[in-house]
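Given only the sequences and the hints, what does the whole structure look like? Please build it.
First to last, the protein sequences are chains Y and X. Quick note: the first sequence uses the numbering used here, first residue 3, plus one each step. Quick note: the second sequence uses the numbering used here, first residue -9, plus one each step.
The set of hints was computed from the structure by calculation and includes no laboratory data. Computed from a prediction, not measured in an experiment: that's the story for all the values here. Positions of the beta carbon are idealized from the N, C-alpha and C atoms, including for glycine. There could be a bad hint or two in this list.
As the list claims (entries may be wrong) - Among the chain Y residues that face chain X by a calculated CB cut under 7 Å, a handful are:
hint, residue
1, Val16
2, Phe129
3, Gln130
4, Pro133
5, Pro142
6, Gly166
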Amino acid sequence: MVKIIVCVKQALDVAEIKIDKERRVPVTAGVPLKTSDFDKNAVEEAVRLKEKLGGEVIIVTVGSKEATSTVKEALAMGGDRGYLVTDPAVEGSDTLALSNILVGVIRKIGGFDIVLCGEASIDGFSFQVGPRLAEKLGVPQVTYVHKLEVKNGKVVAERSVEEGLQVVEAETPVLITVTKEINEPRTPTFMDIVKAAKKPLETLSLADIEVKKEEAGEEGSGVKVVGLYSPPVERKNIVIEGETVEEKAEKLAEALVKEGVVG
Amino acid sequence: MKNLKGEIWVYSEEKETTYELLGEGRKLAREMNVTLSAITVEGGETERHFGFGADKVYILKGLGEFEAETYAEAISIIAKEREPEIILIGSTKRGKELAPRLAAKLETGCATDCVKIYLEGEKKELIVERWIYGGNALAKEKFTKKPSIITIPPKTFEKPIYKERKGEKVEVAVRVSEPRVKVIETKKREVGEERLEDASVIISGGAGVKRKEDFKILRELANMLRGQIGCSRPIAVDYKWFPEWIGLSGHKVKPNVYIACGISGKIQHIAGIRGSKIIVAINKDPEAEIFKVADYGIVGDLYEVVPALINALKRRFRGKTRKFTENKPLNKTF
Ligand SMILES: Cc1cc2nc3c(=O)[nH]c(=O)nc-3n(C[C@H](O)[C@H](O)[C@H](O)COP(=O)(O)OP(=O)(O)OC[C@H]3O[C@@H](n4cnc5c(N)ncnc54)[C@H](O)[C@@H]3O)c2cc1C
Ligand SMILES: Nc1ncnc2c1ncn2[C@@H]1O[C@H](COP(=O)(O)O)[C@@H](O)[C@H]1O
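Next up, the structure:
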């Protein structure tokens, strides 16, 4: 039996972001929200472990009301129950404040064997929330996991590091962050979605999880975003013309030599 | 004991990255009039850090092999005592699991994968810049708590010129808990393989390459230019032909020339090749986004263009240099 908590974020669909070429800023208005890619892998892995070992998968999301759809999606994938923390005081939270909030929910849930996170969220890409949670929960962390096994109260995980691969072992309770390679997340069927609608989904405020306002939002943060810009791409954009492939290749070879990048 | 003078700290388990961070740290230290210190562990290199800009080297004693939790604990112990202003950490995988854990211990802010660091305005506020939104924007971020923990990818800043210098060595014995994560096995990349980050030429293949065997032609070009082979994410993750890829979620590379063959140029791929000096695109679709971010492009079938390019380069280099005839061991994973 394993009790797994999965932290799932609703993120901006970054592929849909356009750039305002005049002002050189990203345009996020109207960009759809979706479940952060790696978090789906985390949910999938949790559900697979539960299917093998028995137990429970609990989904935790901090976000706006719209993030309900993300919790529901994770429940349709096989989560058993979900919590959405939504509160005006959450606005402006960085990873420090966000981990304060997530720890609040996790404490409310009570014990766990494994907390699963994505390695990073697709919009923020900070790689921080997992290790921060591990520290605050006082448990070991295993990051960048692409293969995971649970045996006799221990996790055995394969992860990539700079010089190659590592197989590591840690006792539960433990926090794990997963990469996209770990699995192929399932697409819920219509029946899964119908069933998920009946699964418990609780919406919580900061007060419900005993997190103080000053631990969340801008006040609870250590970093503040003060500007956003999309620098222009400074490239030559020369498309090589020619009658034949040989002629084009010849011109490219010449250009590369001239640039001094080969030779 | 409290410092009279503030400090900037630098830590990376990689030597080269440490030197790069010392170079950048030196500039900040000068502007802020603070001391620049390198954090090292017992048994490691110390003398050379001075030559690359450190005023001081802390040698942490009592630590074993890298483990995020224990290293975070050790660094937090001395950070609480000495209250550094800034901690710069190399953004390797290890660095990126260390930094947020350390930040959580010190209850402070952390910014990962920063590509710029500077002091702005009259108040000389510390600002960092990092890519967000899948590489669509740079975010300017400032710190509201101390210390400011910043991770910086290898090769973001130049390694400074080495100058013979002396500095202060401080040995600190730290008592940390037993590591709770045990490494059972490490499968190292083969000897002689160069990291993609260090390659000066990269020939990269995307979904336009139909079979794994076809990477042979890319490899031939790479061998000729003493370069490495790379690929886009689908090649590694979906087809599983190779273990590593280039992009936002993969390696960030900075070669002199990056030749993208059959790669469409999605933003997540581009995020990994921005540092390239020259980008070449070979793609049969004239509308492919890759052409917008390339210096040189050839619209055509990679199966024809790459062999033609090999021939064209061969003709140019025949007999001219030794470089192009001798092959050195290349990354065999590809
Ligand atoms: C969170 C997240 C992170 C991601 N991280 C990364 C990352 O780190 N790196 C990465 O690469 N991707 C990443 N992706 C995936 C990315 O969005 C793209 O799907 C991917 O880069 C596309 O790879 P591709 O260009 O090889 O394939 P495709 O987009 O399928 O493009 C293939 C190209 O080949 C061309 N072509 C076909 N046949 C030929 C031929 N014979 N000759 C010449 N050209 C030919 C086609 O015209 C086309 O342009 C990520 C996605 C997400 C959601
Ligand atoms: N708002 C959120 N709600 C729940 N989990 C989150 C949230 N933000 C981040 N996470 C978790 O933390 C991981 C890393 O996020 P980040 O540090 O932002 O890159 C994600 O993959 C999620 O598992």
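Checked hints:
Below 7 Å, beta-carbon pairs count as interface contacts, and Val16 of chain Y has one with chain X at about 3 Å; its hint therefore holds. Given the 7 Å rule on beta carbons, the hint for Phe129 of chain Y holds: about 5 Å separates it from the nearest Cβ of chain X. For Gln130 of chain Y, the interface hint holds, since its Cβ comes within 7 Å of a Cβ in chain X; the closest pair sits about 4 Å apart. The interface hint given for Pro133 of chain Y is met, as the beta carbon of that residue sits about 4 Å from the closest beta carbon of chain X, less than 7 Å.
The closest approach between the C-beta of Pro142 of chain Y and any C-beta of chain X is roughly 4 Å, which is under the 7 Å cut-off, so the hint is satisfied. Proximity of Gly166 of chain Y to chain X holds as hinted, the smallest CB-CB distance being about 4 Å (cut-off 7 Å).
Violation of the numbered hints given earlier is absent; every hint is satisfied by the structure.
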